[in-house]
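S.K.: Residues per chain, in single letters:
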Amino acid sequence: MTDLVLPPALIYILGALLVPLLPARLKSAYLLMLPILSFFMLINLPPESSLRLDFLGFDLVPFKADRLSLIFAYIYHLISLIGIIYTLNVKSDLEKVSGLLYAGSALGVVFAGDLFSFFVFWEMLTVSALPMIWARRTRASQAAGFRYLLVHVCGGLVLLAGVVMYVNEQQSIALGHIGLSTPATYLIFLGMGINAAWPLLHTWLTDAYPEATIGGAVLLSAFTTKTAVYALARTYPGTEALIWIGAVMTAFPIFYAVIENDLRRVLSYSLINQVGFMMVGIGIGTELSINGTAAHAFAHILYKSLLFMSMGAVIFRTGKINATDLGGLYKSMPWTALFCVIGAASISAFPLTSGFVSKSMVLDAAAHGHLAIVWLTLLFASAGVFHHSGIKIPFFAFFAHDAGHRVKEAPLNMLIAMGLAAFFCIFLGVYPKFLYAILPYPVDFVPYTFPHVLSQMQLLMFSALAFTLLLLAGIYPAEIRAINLDTDWFYRKGGRLFYLLADKLFNGINRGGERVFIKGLAGGLAGFARQGPAHLAWLSLNPIWRLSLDREERQRRKAALYRAFETGATGLALMAIFVSLLLGLMFIIGS
Amino acid sequence: MADQKKHLFDNPKNIRLVLYALFATLLLLLALEPLVDKHPYFPWEEWPGFYAIFGFVACVLLVLAAKYILRPLMKRDEGYYD
Numbered sequence: 002m003t004d005l006v007l008p009p010a011l012i013y014i015l016g017a018l019l020v021p022l023l024p025a026r027l028k029s030a031y032l033l034m035l036p037i038l039s040f041f042m043l044i045n046l047p048p049e050s051s052l053r054l055d056f057l058g059f060d061l062v063p064f065k066a067d068r069l070s071l072i073f074a075y076i077y078h079l080i081s082l083i084g085i086i087y088t089l090n091v092k093s094d095l096e097k098v099s100g101l102l103y104a105g106s107a108l109g110v111v112f113a114g115d116l117f118s119f120f121v122f123w124e125m126l127t128v129s130a131l132p133m134i135w136a137r138r139t140r141a142s143q144a145a146g147f148r149y150l151l152v153h154v155c156g157g158l159v160l161l162a163g164v165v166m167y168v169n170e171q172q173s174i175a176l177g178h179i180g181l182s183t184p185a186t187y188l189i190f191l192g193m194g195i196n197a198a199w200p201l202l203h204t205w206l207t208d209a210y211p212e213a214t215i216g217g218a219v220l221l222s223a224f225t226t227k228t229a230v231y232a233l234a235r236t237y238p239g240t241e242a243l244i245w246i247g248a249v250m251t252a253f254p255i256f257y258a259v260i261e262n263d264l265r266r267v268l269s270y271s272l273i274n275q276v277g278f279m280m281v282g283i284g285i286g287t288e289l290s291i292n293g294t295a296a297h298a299f300a301h302i303l304y305k306s307l308l309f310m311s312m313g314a315v316i317f318r319t320g321k322i323n324a325t326d327l328g329g330l331y332k333s334m335p336w337t338a339l340f341c342v343i344g345a346a347s348i349s350a351f352p353l354t355s356g357f358v359s360k361s362m363v364l365d366a367a368a369h370g371h372l373a374i375v376w377l378t379l380l381f382a383s384a385g386v387f388h389h390s391g392i393k394i395p396f397f398a399f400f401a402h403d404a405g406h407r408v409k410e411a412p413l414n415m416l417i418a419m420g421l422a423a424f425f426c427i428f429l430g431v432y433p434k435f436l437y438a439i440l441p442y443p444v445d446f447v448p449y450t451f452p453h454v455l456s457q458m459q460l461l462m463f464s465a466l467a468f469t470l471l472l473l474a475g476i477y478p479a480e481i482r483a484i485n486l487d488t489d490w491f492y493r494k495g496g497r498l499f500y501l502l503a504d505k506l507f508n509g510i511n512r513g514g515e516r517v518f519i520k521g522l523a524g525g526l527a528g529f530a531r532q533g534p535a536h537l538a539w540l541s542l543n544p545i546w547r548l549s550l551d552r553e554e555r556q557r558r559k560a561a562l563y564r565a566f567e568t569g570a571t572g573l574a575l576m577a578i579f580v581s582l583l584l585g586l587m588f589i590i591g592s
Numbered sequence: 115m116a117d118q119k120k121h122l123f124d125n126p127k128n129i130r131l132v133l134y135a136l137f138a139t140l141l142l143l144l145a146l147e148p149l150v151d152k153h154p155y156f157p158w159e160e161w162p163g164f165y166a167i168f169g170f171v172a173c174v175l176l177v178l179a180a181k182y183i184l185r186p187l188m189k190r191d192e193g194y195y196d
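Residue numbers (my numbering), protein chains in the order written: chain H, 2 to 592; chain Z, 115 to 196.
Chain Z extracted, bound-state conformation (with noise of 0.2 Å):
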């Protein structure tokens, strides 16, 4: 390629910081959670950390069952209609 520059995320290391801040972020957020006064509709809404573990399985469910029950089922060539 003619583009030599640099750009940011080129430097492996500036990966490893967006990583570090992520798992910082996810800490700080699971730390402040004792400190809420929450007023929930509902009884899970109490159980520690119940939106980050909703959040986490809920998406690799999503992504597991989209790739091998989705995807088999549905996936046909790119000229299926022609």
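For reference, chain H alone in the conformation it holds in the complex (with noise of 0.2 Å):
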């Protein structure tokens, strides 16, 4: 059994395919039971175990696990196991089948050994990805998915070129340290930083994610972005950039969470903004960094996936998802309600929470690293994110004002779901061991020092009270029925200005074109050639018929003389003359 190596991605991908061939009664336990079975092969097999083919002279290393592949993939484990729990009372087999290809695909990228192996998985992860958002099947999901699509096209094109000038370099296909230096690097960088939303391209996520399913949501929270995370802390650890991207990343998104009504998408933005720490994290580059980022990959993906769960849950009873249509939810919901809450304290790091114990990593790595602007932006963005994700969503949804909604609790297979997404954040709040004992480097960090939990509840309880003063003060901003530019403003926008640049410019340039070369120059030479040869005989004819006939019969031969010219035999009479001038030339030249 040591020999065989059955990578999980080959396990969820083959296992999707047998879903819709399954008869319904046992169609759930096979969901269920295809994450552990991958997990306990998973962890089965020998450490530093791999898989060889050799594919057109390439040495194909498509499974590969080190201790960096294997804390994302339990995750991705745990993870799916909680969007299938969360998602058993979907009916439709088409977000089953993609969701399992999906984590699949991410599965793949993590263990991928080789760039084409990477590549590919790598795609694979974006076309799987779509029938989530669009099985919403609303016209706004049709467009988002389209243009999730195409960004992610022009970004997984980018990559592919830096890919292949990459691999022309190197002389070899092998996935390790790329860094920043060749012009093939900048752009495989470019490429897998639009995957993992950086400022300016990010808007894909917050466009399509608030417009998927509501299980679908619970996914694509979890894998695209983290398989990024994951590829970067693979090939550019230590790359400065990623620091300032990162920091930008934490920064900016909350500003537009603060005054988003779409819940889901003050999610998004939350996301972005998560994800910026663990670039701040792959950017500083050393042990205890790396560290901060995997947990906090780890943990956030618990986290985050719950609050989306939380959400989902509420759009499933009410139908609704705006600021502005929901509250007072805490009376129909209350489970609901408490695991919302549980998500929001770990989103914001509470002690005893996981956030708390993979955050401070990132925070400690910066402080380490004397860099006073980035920590000061990440101690920052930690207040930010505590008041939109941590207050905003709770108290917007919940409680607030009781917008009427008197609906049932959630099914009891999504409250499962967000219960074993509770529990897992709060135990790995409590059990810091649990998680750190899986992360890649060896671990030297005591999160619950007396100063730190200290200074952390000061910053938290005092951003608390910023809250509750602005909103009592009337200061806070009210939710209004509005949408947010941001730069998916450019695409939106810009296409259509584009697409009618392109019409007035192109469709003009068909219609000149027409005009001048179809009717006029090809119209002309057609005339030409249908009429020319008969002109022409006509014309060296005419002068000898003038002499000898009356005009009668000069019209009655001229007509003859064309119709002579139309017919097939004038062609083939050319043809034998032309034929014979060449033999003719041919003997000319040859004697």
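Honestly, I wouldn't trust all of these hints.
Across the chosen pairs, the derived CB separations fall in these ranges [what the hints assert, rightly or not]:
#1 Z:V132 with H:S51: 52 to 58 Å
#2 Z:F137 with H:N414: 38 to 44 Å
#3 H:F41 with Z:P126: 19 to 25 Å
#4 Z:V132 with H:Y449: 23 to 29 Å
#5 Z:V132 with H:R482: 53 to 59 Å
#6 H:P443 with Z:H121: 47 to 53 Å
#7 H:I316 with Z:H121: 20 to 26 Å
#8 H:M42 with Z:L178: 49 to 55 Å
#9 H:L472 with Z:N125: 16 to 22 Å
#10 H:Y500 with Z:N125: 28 to 34 Å
#11 H:F491 with Z:F137: 45 to 51 Å
Here are the computed lysine to aspartate or glutamate pairs in the DMTMM-like style, where the Cα-Cα straight-line distance is at most 25 Å [said to hold, decoys possible]:
#12 H:K434 with H:D365
#13 H:K92 with H:E410
#14 Z:K120 with H:D326
#15 H:K505 with H:E515
#16 H:K321 with H:E49
#17 Z:K181 with H:E410
#18 Z:K189 with H:E480
#19 Z:K181 with H:D403
#20 H:K332 with H:D263
#21 H:K434 with H:E288
#22 H:K332 with H:E288
#23 H:K409 with H:D326
#24 H:K321 with Z:D191
#25 Z:K189 with H:D263
#26 H:K409 with Z:D124
#27 Z:K189 with H:D487
#28 H:K321 with Z:D196
Examples of chain Z residues toward chain H, derived with CB under 7 Å [claimed, not checked]:
#29 K120
#30 L140
#31 L146
#32 V150
#33 W161
#34 G169
#35 L184
#36 R185
#37 R190
#38 E192
Since the hints were made in silico from the structure, they are not lab data. Heads up, the beta-carbon is just placed ideally off N, CA and C, and yes, glycines get one too.
Fit chain to chain and form the complex, with the hints in mind.
M.R.: Shown next as structure tokens:
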């Protein structure tokens, strides 16, 4: 058995293809069994095992495990299991199949040992995400899905160009540390950055995730960006640019989150903020900071999906997601409210939750590197994320003014899924050793010191005070039915402008071209080709006819001449003339 | 509404209770600070109440900037892109 390496990606992807064939009563059990089976196969593999194939002279390594890939693989298994439980009540196979393909592709990326496998799984990840957006079956989701596809196709092409150039430079497709040096490495960097939702390139995320299906958004929030985090941690650790990119990512989305009305869009903005912390960790590139990035990715996937699940349950029961339409739901959905508060506490990094033990590693790594401005930005972002994800989400959905929804509590399977995620949020916060044991590097970090807990509590509780006072004073911005512009304006409005310009320009050229070439020039040429020889023949015969024939006879012969040239016989005769000329010419040249 | 049941926060007394609990926690957190043996990375971490003041000021600035700068610039009708 030791030789048999069955990569998790293969189990997920082949497993997904069987889903539509299974009878309905077996389907749920089968879906639940798949991630568990894959997980046990994975933990029973010998450490550092790999799978190699020879393909067209390249050394393909579709599976290669080390500690960095394993921690991502563990959390992917856990979250796909939670996602499957959460969507057990969804009837359509489409979402289930694409969910498994999507998780399988992400697992493929984190275990890819060469650039070729890496790229194939990377692109599968994009494509398999689409059905989870489109399956919402609204006009907005169709459009957002297409924009998602366009952005990721562009990103994929940038990445592919980089990979091709890089392989050409290196004469090897092995995947390892790349680092910024040649243009090829910048292209790969940028291609990965689009999936990581870097500032200005982030709008595919805040555009598409809020339009996805209830269960789709939960999975989407877990995989695409974190797979990019993994990829950058694998190939660009210690790249200083990532520190600054990450710092901007943590800060700017929180301003949008404060004024955004759609609560799943608020969560999307805070997702970018959280990934920013991971980028900073990769950019610093020390063992502590890479550990911090991996730990934060692990913790983040759990609490972010928990928050998306709680908002999904709200949509499922009320059909609403805008803060203006919600409020007072703690009365009818107390369990969902409780789980949401646990997720909110975790993302805010309250002591005894998972966010506290992971985020503080990144902050400490920044402090160790004496990065004062970055550290202050991260601290600001920590206070800000508490403000919008920690308070705003639960407050406007479940408390605030009562919007009068009297609905049932979320279905049991959704509650179990949320309960599982909530359990892990607290479990990791209370027993951080469990998380620290699977980090890429040995951990020498103690999160629970008195000064650390106290300073974090001061930061958070005084942020809460600010929220409370602003709300009581009526300064807190009221939720408004509106959308807020972001950089997607450039391709949403710009795309339309481009279309208009292209329409005027190219269709104008087309029309002009048709007038000049098709009707004018080509028409003239065609006329000449049809009538020309007959005309020439008539021109040369007419003077002779004039001498002997009367006008009527000349007209009759002229018509006969034109008829003769229009029939195929003339063509044949002309051909015969040319061929004999050619033969004569060859004879003369040859002799 | 058909639902006549009184819930936890329908009673203004309970909301006041939450507020008092918040204020009490804040005072406690400030009171504990002198007892802590700090080992800071940055000099400003030693200022008394640095984290408390930072958290409060950061959030007020965040909200004011979002409300008075970002929203007027970026707000559009819900049908803007349709």
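S.K.: Each hint should be assessed against the structure and marked as holding or not.
M.R.: A quick look at each hint next to the structure:
no. : hint                           : result
1   : Z:V132 with H:S51: 52 to 58 Å  : 55 Å, holds
2   : Z:F137 with H:N414: 38 to 44 Å : 41 Å, holds
3   : H:F41 with Z:P126: 19 to 25 Å  : 54 Å, violated
4   : Z:V132 with H:Y449: 23 to 29 Å : 27 Å, holds
5   : Z:V132 with H:R482: 53 to 59 Å : 29 Å, violated
6   : H:P443 with Z:H121: 47 to 53 Å : 50 Å, holds
7   : H:I316 with Z:H121: 20 to 26 Å : 22 Å, holds
8   : H:M42 with Z:L178: 49 to 55 Å  : 54 Å, holds
9   : H:L472 with Z:N125: 16 to 22 Å : 19 Å, holds
10  : H:Y500 with Z:N125: 28 to 34 Å : 57 Å, violated
11  : H:F491 with Z:F137: 45 to 51 Å : 46 Å, holds
12  : H:K434 with H:D365             : 18 Å, holds
13  : H:K92 with H:E410              : 20 Å, holds
14  : Z:K120 with H:D326             : 21 Å, holds
15  : H:K505 with H:E515             : 15 Å, holds
16  : H:K321 with H:E49              : 48 Å, violated
17  : Z:K181 with H:E410             : 34 Å, violated
18  : Z:K189 with H:E480             : 12 Å, holds
19  : Z:K181 with H:D403             : 24 Å, holds
20  : H:K332 with H:D263             : 21 Å, holds
21  : H:K434 with H:E288             : 17 Å, holds
22  : H:K332 with H:E288             : 46 Å, violated
23  : H:K409 with H:D326             : 17 Å, holds
24  : H:K321 with Z:D191             : 18 Å, holds
25  : Z:K189 with H:D263             : 13 Å, holds
26  : H:K409 with Z:D124             : 19 Å, holds
27  : Z:K189 with H:D487             : 10 Å, holds
28  : H:K321 with Z:D196             : 20 Å, holds
29  : K120                           : 10 Å, violated
30  : L140                           : 6 Å, holds
31  : L146                           : 6 Å, holds
32  : V150                           : 5 Å, holds
33  : W161                           : 12 Å, violated
34  : G169                           : 4 Å, holds
35  : L184                           : 5 Å, holds
36  : R185                           : 5 Å, holds
37  : R190                           : 6 Å, holds
38  : E192                           : 6 Å, holds
Comparing the model with each earlier hint shows violations of hints 3, 5, 10, 16, 17, 22, 29, 33; every other hint is respected.
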